[in-house]
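*Asks:* Residue numbers (the numbering used here), protein chains in the order written: chain P, 459 to 719; chain E, 554 to 793.
Bear in mind the hints are in silico, worked out from the structure with no lab data behind them.
Computed from a prediction, not measured in an experiment: that's the story for all the values here.
Please note that a few of the clues may not be correct.
Below 25 Å or equal to it, Euclidean Cα-Cα: the simulated BS3-like pairs (lysine-lysine) are [said to hold, decoys possible]:
| id | chain 1 | residue 1 | chain 2 | residue 2 |
| --- | --- | --- | --- | --- |
| 1 | P | 698 | E | 624 |
| 2 | P | 484 | P | 576 |
| 3 | E | 781 | E | 709 |
| 4 | E | 628 | E | 656 |
| 5 | E | 560 | P | 698 |
| 6 | E | 767 | E | 568 |
| 7 | P | 586 | E | 560 |
| 8 | P | 698 | E | 762 |
| 9 | E | 709 | E | 582 |
| 10 | P | 466 | E | 624 |
| 11 | P | 576 | E | 560 |
| 12 | E | 628 | E | 709 |
| 13 | P | 519 | P | 492 |
| 14 | E | 656 | E | 624 |
| 15 | P | 634 | P | 698 |
| 16 | P | 712 | E | 762 |
| 17 | E | 659 | E | 560 |
| 18 | E | 582 | E | 560 |
Residues from chain P shown here face chain E by an in silico Cβ test under 8 Å; the list is partial [as the list claims (entries may be wrong)]:
| id | residue |
| --- | --- |
| 19 | 543 |
| 20 | 677 |
| 21 | 680 |
| 22 | 681 |
| 23 | 682 |
| 24 | 687 |
| 25 | 688 |
| 26 | 689 |
| 27 | 691 |
| 28 | 702 |
| 29 | 705 |
| 30 | 708 |
| 31 | 711 |
Beta carbons are placed, not taken as given, at the ideal position from N, Cα and C, and that holds for glycine.
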Amino acid sequence: MGALEIIKSDYIRELVAKGERGDGRKDMDVRDIKITTGTIDHAEGSAQVDLGNTRVLAGAKIMVDDVHSDTPDQGNIVVSAELLPLASAEYESGPPSPEAIELARVVDRGIRAGNCIKLEDLFLGEGKAWTVYVDVYVLNYDGNLFDASTLAAMSAIMNARIPEYKDGVANYENRKEPLNITNVVSSATFAKIGNSILLDPSGEEESAMDARLTIATDGNVIRAMQKGLSGSFTIEEVDKLAGIALEKHQFYLKHIEKAKR
Amino acid sequence: MASSLNKPELIVNGKRLDGRDFGELRPLKIEANVLKNAQGSAYLEWGNNRVLAAVYGPREATPRHTADSTKAIVKCRYSMAPFSGLADHGRTGPNRRATEISKVTKEVFENVIFLNEFPGSEIDIFIEILQSDGGTRAAGITAAAVALANAGIKMKDLVYAVSAGRIGEHVVLDVNMIEDNYSDADMPMAISPKSGEILLLQMDGGLTKEQLRKGMEMVIEAGKTISKAQRDALKDIYKK
C-alpha cells in the first residue's frame, strides 16, 4: 500500500466508525442498480449490471456436451469470471487470479444450490445434454463484484433462449424456448470495517475492509455463503446478516424481474 | 452434487450411515512433527481423511517484489493427491477448487499469526490431502494449525475447523463424503476457539436461519474435542 492508499483507508475507517459512509448511504443501503438484458445478440442470454460505478456483463452460451458419467441424466451450468484489465488499474492480464476464481465459484454456488435451473431439464437424451456457460466480465470495478455478478448471471440465464435441437445438432439461428428457471437467487455482501458492518461496499470501502461475507438466498432459505479476508465475524453477526440477506432478496428480485425479457 | 438417481438413505433409525449421531465427530487422530525438513508439520487422520501439513519459514519472501516491509506474507497451497479419491483419479496440480480453498485457508492463518513479527518474510503452509473422505479443507486447516505451532510461529490462537451440514430435517456435524454428495447443505467453518470468532465460513445447499444458527453452535461445541486433539498432538512431541 502506498501512502495515499493508507490515508484513504484511514479516512474510510474513521468515517465508518462515526456511522457514516463516503457517499452518504446508511449502513444497509444498496447503491443504484440498473440491469439491461439482451445486449449481446450472439449469446443465448446476456445482462449488464450497473451497481453504483461497478459494471459487469454476463453472457450465457448454451452448448451441446456429452453427459458426465456420474450424472448421466443431467446437463450442467458453469460460471466463470474475468477481472478484465480494462476494469481497474489494479487488474492485470494473465490466467485467472484466485480472486476471479473465488468470485466465479461463489456466484456458481448460489445459482447451483438454489436449483435455479434444474439440471435434469438440460438432458437431451442419448448421452447428450446442454451445458449453460455463464461468463461474467467485470468491466468497471467499484466494489462488491459478488452481488453485481450474481445479479448479472441470474439475469443472463433468465434472458437466455435455448437453440433448436434436432438430430444431435443445435441450430443457433433458431432460439425460442427460455430456460426453465425454477428459482431466483440474489446475494448480499457485507463488509466489516472495524466494528461496523456495511452492505454493498464500494471500492474505497473494500480497500479498508477487514472481512467480507457474501450470503446468497432465495428469500426463504440461505443457499450459499462465503467469508473472505483475514478479519472475523461472530456467530451473532452471521445470524443477523443472514436475516438481512433474506429480507433484501425481495428488493433484488424486483430489479431482476423489471429487467426480464 | 451427485445425481439424485441413486441417492442412498443417509439416516436410518436416527443414526447416520457410519453409525454416528447427528452431532458426533468422526474419530480424529493428530501427530505433530512428522517431517524432518519442515520447520513444523502434522499428520492427521479424521475418519477416512489422511492429511499431511507442513510449514516452512519464516523465510525470505520470494520473488522479492512480493515481500511486505511491514509484515510477513502467508502463502498456502492446498492440494489433493491424484490417488486420494475412492473412485476417481485426480489430476496433479491445483485446480479451481484447490485455488479457492488455498485462498480462504491463507486468510484464516493471516488472522492468527503475529505477522508484524516477521517483516519482509513469508510463511509457507503446504496441505496435502493423501486420502479424501469429505471435509478435507477443515481437516487441512486443523492440521496446518498444529504444524504452525510445531514450527514455533507465534499465533494468538490455535485454529480448528469442521463442517456442519443438513440431511433432510437434521442438522449434522462433520459431514463425510457420501453425506456431502447427497446432503442438503454443507458448511465448513474455521474458528478461533478463545474468542469464538469465525475465520472461515462457506456454505452451499439450503439452510433456514434457524438451521444456520444450530449448525454454527454445533461447530463451536465440537471445538472442545478438536482443540484437545490438537493440543495433545503438540504435547506428545515432548513425550517421545
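*Asks:* Report the numbers of all earlier hints that the structure fails to satisfy, in ascending order.
*Replies:* Hints 1, 2, 5, 15, 17, 18, 19, 20, 28, 29, 30 and 31 contradicted; others consistent.
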